[in-house]
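S.K.: From first to last, the protein sequence lines stand for chains W and P. Here the first sequence is numbered in the numbering used here, starting from 1 and rising by one per residue. Here the second sequence is numbered in the numbering used here, starting from 1 and rising by one per residue.
Some clues are possibly wrong.
Calculated lysine-lysine pairs in the DSSO-like style (CA-CA distance at most 30 Å, straight line) [unchecked claim]:
| hint | chain 1 | residue 1 | chain 2 | residue 2 |
| --- | --- | --- | --- | --- |
| 1 | W | Lys113 | W | Lys79 |
| 2 | W | Lys4 | W | Lys47 |
| 3 | W | Lys4 | P | Lys313 |
| 4 | P | Lys386 | W | Lys113 |
| 5 | W | Lys98 | P | Lys16 |
| 6 | W | Lys16 | P | Lys207 |
| 7 | P | Lys406 | W | Lys4 |
| 8 | P | Lys401 | W | Lys98 |
| 9 | W | Lys4 | P | Lys20 |
| 10 | P | Lys164 | P | Lys238 |
| 11 | P | Lys301 | W | Lys16 |
| 12 | W | Lys98 | P | Lys20 |
| 13 | W | Lys16 | P | Lys243 |
| 14 | W | Lys16 | P | Lys398 |
| 15 | P | Lys164 | P | Lys90 |
| 16 | W | Lys98 | P | Lys398 |
| 17 | P | Lys109 | W | Lys23 |
| 18 | W | Lys98 | W | Lys113 |
| 19 | W | Lys16 | P | Lys237 |
| 20 | W | Lys16 | W | Lys88 |
| 21 | P | Lys140 | P | Lys109 |
| 22 | P | Lys401 | W | Lys113 |
| 23 | P | Lys338 | W | Lys4 |
| 24 | P | Lys182 | W | Lys4 |
| 25 | W | Lys32 | P | Lys338 |
| 26 | P | Lys386 | W | Lys16 |
| 27 | P | Lys66 | W | Lys4 |
| 28 | P | Lys315 | W | Lys4 |
| 29 | W | Lys4 | P | Lys386 |
| 30 | W | Lys47 | W | Lys113 |
| 31 | P | Lys301 | P | Lys289 |
| 32 | P | Lys164 | W | Lys4 |
| 33 | P | Lys259 | P | Lys190 |
| 34 | P | Lys20 | P | Lys258 |
| 35 | P | Lys207 | P | Lys386 |
| 36 | P | Lys182 | P | Lys237 |
| 37 | P | Lys154 | P | Lys211 |
Please keep in mind that the hints were generated in silico from the structure rather than gathered at the bench.
Below, each chain spelled out in residue letters.
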Amino acid sequence: MDLKELYQDIILEHGKSPRNFGKCEKHTHQAKGYNPLCGDQVHIYLKLNDEKKVENLSFEGSGCAISIASTSIMTELIKGKNLEVAKKLIDAFMIMIKSTSEVQFQELDDDQKTKIMSLSGVQQYPMRVKCATLAWHTLISAINENGKIENTEINET
Amino acid sequence: MDITHIKSQFPIFSRKINGKQLVYLDSSNSAQKPTSVLKALDNFYKNDFSNVGRSIHALAVNATNKFEETRVNVRNFINAESKDEIIFTKNATESINLVANTFGKQNIKKGDEILITELEHHSNYVPWHYLREMYGAIIKFAPINEDGDIIISKFKELITSKTKIIAITHLSNVTGTIVPIKEIVEIARKKNVPVLVDGCQSAPHIKIDVKDLDCDFYAISCHKVYGPTGVGVLYAKKKWLEKLPPYIGGGGMISEVKKDRITYAPLPEKYEAGTMPTAEVIAFSESIKFMESIGIENIVKHENELTNYALEKMKRINSLNIVGNPKKKAGVISFTIKGIHPHDISTIVDEEGVAIRAGHHCCQVLHERLNLIATARASIGVYNNKEDIDIFCNAIEKCRKVFDLK
Numbered sequence: 001m002d003l004k005e006l007y008q009d010i011i012l013e014h015g016k017s018p019r020n021f022g023k024c025e026k027h028t029h030q031a032k033g034y035n036p037l038c039g040d041q042v043h044i045y046l047k048l049n050d051e052k053k054v055e056n057l058s059f060e061g062s063g064c065a066i067s068i069a070s071t072s073i074m075t076e077l078i079k080g081k082n083l084e085v086a087k088k089l090i091d092a093f094m095i096m097i098k099s100t101s102e103v104q105f106q107e108l109d110d111d112q113k114t115k116i117m118s119l120s121g122v123q124q125y126p127m128r129v130k131c132a133t134l135a136w137h138t139l140i141s142a143i144n145e146n147g148k149i150e151n152t153e154i155n156e157t
Numbered sequence: 001m002d003i004t005h006i007k008s009q010f011p012i013f014s015r016k017i018n019g020k021q022l023v024y025l026d027s028s029n030s031a032q033k034p035t036s037v038l039k040a041l042d043n044f045y046k047n048d049f050s051n052v053g054r055s056i057h058a059l060a061v062n063a064t065n066k067f068e069e070t071r072v073n074v075r076n077f078i079n080a081e082s083k084d085e086i087i088f089t090k091n092a093t094e095s096i097n098l099v100a101n102t103f104g105k106q107n108i109k110k111g112d113e114i115l116i117t118e119l120e121h122h123s124n125y126v127p128w129h130y131l132r133e134m135y136g137a138i139i140k141f142a143p144i145n146e147d148g149d150i151i152i153s154k155f156k157e158l159i160t161s162k163t164k165i166i167a168i169t170h171l172s173n174v175t176g177t178i179v180p181i182k183e184i185v186e187i188a189r190k191k192n193v194p195v196l197v198d199g200c201q202s203a204p205h206i207k208i209d210v211k212d213l214d215c216d217f218y219a220i221s222c223h224k225v226y227g228p229t230g231v232g233v234l235y236a237k238k239k240w241l242e243k244l245p246p247y248i249g250g251g252g253m254i255s256e257v258k259k260d261r262i263t264y265a266p267l268p269e270k271y272e273a274g275t276m277p278t279a280e281v282i283a284f285s286e287s288i289k290f291m292e293s294i295g296i297e298n299i300v301k302h303e304n305e306l307t308n309y310a311l312e313k314m315k316r317i318n319s320l321n322i323v324g325n326p327k328k329k330a331g332v333i334s335f336t337i338k339g340i341h342p343h344d345i346s347t348i349v350d351e352e353g354v355a356i357r358a359g360h361h362c363c364q365v366l367h368e369r370l371n372l373i374a375t376a377r378a379s380i381g382v383y384n385n386k387e388d389i390d391i392f393c394n395a396i397e398k399c400r401k402v403f404d405l406k
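Bound conformation, chain P alone (with noise of 0.2 Å):
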């Protein structure tokens, strides 16, 4: 695999940064964009733009062919079954918030149990604390273990006849811990519960096949799989997109309105109300095409492979310590080093170029549970070699000198 040429279709890496080669390390909170993403961007606004679904002028007949192209797209990318399965939200965040808000509504009363675990991001927290506080509903947290795994014997014990729903990330942005989402699909199944998946962090990185997880529901951040800011994906079992009641109102998602009476757009319109990111959403079907030319399992072997060097060259850092040690592991390292605070670090390591995020990732609960008040994370995303790695590890050198670390 050609990691020189898939860099040189990142134009933000001809950049410098204080004077350095830019070393980007922090693809779990964004990715940058390949050339293809930008240029598809420009053209829609430079020459095909209109809005979609409304007018039938040409312009509007083509970028609603282009919008609906991109929903086929996203619908291979992910093997689901119908096209009508995928609704364009803003991000991740979005569609978890449209599930919790709609499921919650029609199913949630006072009493009844929400599954997540210790791993989630507060997106995939904050939504269902929503119910909590609206309809008396209990969250309950499956525990992990010191590695940063899901203990599935605990998971069991905590499925009870009153859980309504089991809402889960299938790739922890803090440890890096792959979660097994088949098994826990299958153990929900057993008890009739419905799964989310939180996707933000898979979807760039494993192979994703929600027919094969089974899962009921499965949301994306497009920005975070090499595509614009402002587009989401949320993945829906049509029997729940049909049977849940729509989320936000408007243009769009309406069949009749009259005075005393209104009936809702078929699929997925329902659920896509007012002027959408069009541009956004066109363009991300060049990041589906930019990881399908390289594909999947070349990036994940790719990944694997820079992972496991980044891993084992850490580990011999003095006083560095990597938060948890899952069973199976993306590229994701957070850590921590005795006595320099993970601000510290991030600016020290900033001056070398090197682009690493400090802080609790938007998961306090998981820090709370590890104990720690903030680590350094270092993410890794397809462009990314072994020479970004080395350059991170002096860069944390660098940091220990500073410090005047033994």
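With the rest of the complex left out, here is chain W (with noise of 0.2 Å):
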């Protein structure tokens, strides 16, 4: 295991200033994540429009380098996208964090993939995985609007 991996320049940096910090105006949906036992809280923010694309994402909350950055790093990502690629790219990131493989998904340029990729370190680290996964288990949570307050804790250990 190599620390290095796990604490990538680009997630000590978007740890340090996350994007899109803050509740953004008129959102359509938010939903919580809260994992008890680290004490990691994340609040999502989502405005969709009527043509079911992404206009905002936003987030508030605590947690540890990882679990910033990764919320971070999925608010840019995310922005901008139609509903179903956002979702795609949510599914793509499940898979990639819990295997050893390249994030596959075509509609991230090389940086993009660089940044998702920038997260593949938790994969050795398996108490780690529920850090990096909160926040988009949260934004599924939103994007359903199911009232969920999402606990990767017991989902992903």
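Combine both chains into one complex, guided by the hints.
M.R.: Next up, the structure:
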């Protein structure tokens, strides 16, 4: 195992200065995620327009570098995508993070692929997968408007 | 005191973690086990195994004698009046649940008050919360100050004519605060309120004398006292054990069972239903022997020195903040580093072979009181030495480097 794989510069940078932090105006969907054992909290705000396009995506919360970076990167990559494409990207992320594979997604450019793959170091740290996936599961909750508080400590371990 | 010799009695320290020597600083969570305890477990299963207190064959008699020997050893270890005041449970959590449940059934009505503190572990809050749910009891939290000490004057004020029981920790698993239990019990006595002490953290680290403390109940988890998992102790004054109803029902805790009535066994069996963790209870005798072979005074002295050494070193690390500064502190050091989340600290020091804990340590009320979401915690056991602290502090420096902190 190599710490540099886990704490890549992109992760540290996003962990320190997360993008899309705060409550976005006129959000149409929202959901909360909470991992009680480690205390990580995330609140996702999603604004879908009439054409089912993600017009805005932001978050509030606190957590470790992995969870904040993962949330920040997620908001960057999903913002501007159509809902169906967004859903496919979430699926691709979930497959990548739990296996050792590259992310399979054609609509990402090289720069975006590098960003999402910067989270792949988590694959070597099973106890930290839940940190990386919390925001993504919470975004699914927001999309589905199921009112559920996500907890990846139960789902992922 | 020869720490190298003590450490050599713990086989786990010969293994490597991530290719590094293991530095175990998570003893508040659970302590490692000396060879003597492991041998006792092995020997019992290999050569002596039988259930206790039931059959009359040679193995059963021997097992029963050894089981009861542990009870006497625990009695001596905490200086209880009688061996009948020692009840074996699954862990301290069960010990507290036993008291909450049976005491609650008999004594708690709507509007009655239970006084606990902001320092409590969830295991000394949730069982009392059940009484709030079931009987409409009111739970009051005695406040602490910024240092992590209970404010005694406020504590006094919170005892009213409706206070039915006080439940309080002896040693905080977050701030390391050693609570002045004797003083607390004296205050409670004046108002005629019984006191339960959560001794989970204190039992391995300070001398326990229940007669001197004069508390009504004292709960211990043996796995934190260098013993096996699955065993806890409830000390309770005889008058309570005789008066309170039984807790778990089943074999072993009965006297006479008829279709229309049941009578219960005398103490201590009244509270020990079903087959107990026999091997584990018997092996716990070896944990007590291990601690007594070193001497509690020596353990206290060594751990105090090491705690002070660690605190001095940690205070010199930039942006590291130690949680609490109690008047009397044991080797439980919770801390935060500005700019690094406790989970990231834990993962990075783990790469260096250092085991610490990160999270809220089952004390969400306390973390909220201190405006913290999570903390990292290094906790000391008798086997730790200065080299462990040095390796730990170097690992912390590595965290700072990974996160590029100045």
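S.K.: Hints first: check each against the structure and report whether it holds.
M.R.: Hint-by-hint comparison with the structure:
1. Simply put, lysine 113 of chain W and lysine 79 of chain W have alpha-carbon atoms about 15 Å apart, close enough for the 30 Å limit, and the pair holds.
2. Pair hint lysine 4 of chain W plus lysine 47 of chain W does not hold up; C-alpha atoms about 35 Å apart against a cutoff of 30 Å.
3. The suggested pairing of lysine 4 of chain W with lysine 313 of chain P holds, with an alpha-carbon distance near 27 Å, which does not exceed 30 Å.
4. Between lysine 386 of chain P and lysine 113 of chain W the CA atoms are separated by roughly 46 Å; this puts the pair beyond 30 Å, and the hint is violated.
5. Distance check on the hinted pair: lysine 98 of chain W and lysine 16 of chain P sit about 27 Å apart at the alpha-carbon level, within 30 Å; holds.
6. Taking the CA atoms of lysine 16 of chain W and lysine 207 of chain P, the gap is near 46 Å; set against the 30 Å cutoff, the hint is violated.
7. Only pairs whose Cα atoms come within 30 Å are accepted, and lysine 406 of chain P paired with lysine 4 of chain W is accepted, the gap being roughly 19 Å.
8. Proposed proximity of lysine 401 of chain P and lysine 98 of chain W is supported: the alpha carbons are some 28 Å apart, at most 30 Å.
9. Among the hinted pairs, lysine 4 of chain W with lysine 20 of chain P is consistent with the structure: their alpha-carbon atoms are about 18 Å apart, no more than 30 Å.
10. With a CA separation close to 18 Å, the supplied pair lysine 164 of chain P and lysine 238 of chain P stays within the 30 Å bound.
11. A distance of roughly 42 Å separates the Cα atoms of lysine 301 of chain P and lysine 16 of chain W; the hinted pair therefore is violated under the 30 Å criterion.
12. A threshold of 30 Å between alpha carbons decides the hint, and for lysine 98 of chain W with lysine 20 of chain P the separation of about 27 Å falls inside it, so the pair holds.
13. Pair hint lysine 16 of chain W plus lysine 243 of chain P does not hold up; C-alpha atoms about 59 Å apart against a cutoff of 30 Å.
14. Note on lysine 16 of chain W and lysine 398 of chain P: the hinted pairing holds, with a Cα-Cα distance of about 18 Å set against a maximum of 30 Å.
15. This hinted pair checks out: lysine 164 of chain P and lysine 90 of chain P have alpha carbons roughly 26 Å apart, not beyond 30 Å.
16. With a C-alpha separation of about 28 Å, the suggested pair lysine 98 of chain W and lysine 398 of chain P falls inside the 30 Å cut-off, and the hint holds.
17. The straight-line distance between the Cα atoms of lysine 109 of chain P and lysine 23 of chain W is roughly 46 Å, outside the 30 Å bound, and the hint therefore fails.
18. Among the hinted pairs, lysine 98 of chain W with lysine 113 of chain W is consistent with the structure: their alpha-carbon atoms are about 17 Å apart, no more than 30 Å.
19. Note on lysine 16 of chain W and lysine 237 of chain P: the hinted pairing is violated, with a Cα-Cα distance of about 55 Å set against a maximum of 30 Å.
20. With a C-alpha separation of about 28 Å, the suggested pair lysine 16 of chain W and lysine 88 of chain W falls inside the 30 Å cut-off, and the hint holds.
21. For the given pair, lysine 140 of chain P sits about 15 Å from lysine 109 of chain P by alpha-carbon distance, which is consistent with the 30 Å threshold.
22. For the suggested pair lysine 401 of chain P and lysine 113 of chain W, the alpha carbons sit about 27 Å apart, so the restraint of at most 30 Å is met.
23. Taking the CA atoms of lysine 338 of chain P and lysine 4 of chain W, the gap is about 21 Å. The hint holds against a cut of 30 Å.
24. Restraint check for lysine 182 of chain P and lysine 4 of chain W: the C-alpha separation of about 51 Å exceeds 30 Å, so the hint is violated.
25. Annotation: proposed proximity of lysine 32 of chain W to lysine 338 of chain P holds, straight-line Cα distance about 25 Å (limit 30 Å).
26. With a CA separation close to 34 Å, the supplied pair lysine 386 of chain P and lysine 16 of chain W exceeds the 30 Å bound.
27. Pair hint lysine 66 of chain P plus lysine 4 of chain W does not hold up; C-alpha atoms about 53 Å apart against a cutoff of 30 Å.
28. Between lysine 315 of chain P and lysine 4 of chain W the alpha-carbon distance is near 27 Å, which keeps this suggested pair within the 30 Å criterion.
29. Restraint check for lysine 4 of chain W and lysine 386 of chain P: the C-alpha separation of about 29 Å stays at or below 30 Å, so the hint holds.
30. Pair hint lysine 47 of chain W plus lysine 113 of chain W holds up; C-alpha atoms about 24 Å apart against a cutoff of 30 Å.
31. Proposed proximity of lysine 301 of chain P and lysine 289 of chain P is supported: the alpha carbons are some 18 Å apart, at most 30 Å.
32. Among the hinted pairs, lysine 164 of chain P with lysine 4 of chain W is inconsistent with the structure: their alpha-carbon atoms are about 56 Å apart, more than 30 Å.
33. Distance check on the hinted pair: lysine 259 of chain P and lysine 190 of chain P sit about 45 Å apart at the alpha-carbon level, beyond 30 Å; violated.
34. The suggested pairing of lysine 20 of chain P with lysine 258 of chain P is violated, with an alpha-carbon distance near 62 Å, which exceeds 30 Å.
35. Proposed proximity of lysine 207 of chain P and lysine 386 of chain P is supported: the alpha carbons are some 23 Å apart, at most 30 Å.
36. Only pairs whose Cα atoms come within 30 Å are accepted, and lysine 182 of chain P paired with lysine 237 of chain P is accepted, the gap being roughly 16 Å.
37. Distance check on the hinted pair: lysine 154 of chain P and lysine 211 of chain P sit about 26 Å apart at the alpha-carbon level, within 30 Å; holds.
Checked against the numbered hints given earlier, the structure breaks hints 2, 4, 6, 11, 13, 17, 19, 24, 26, 27, 32, 33, 34 and satisfies all the rest.
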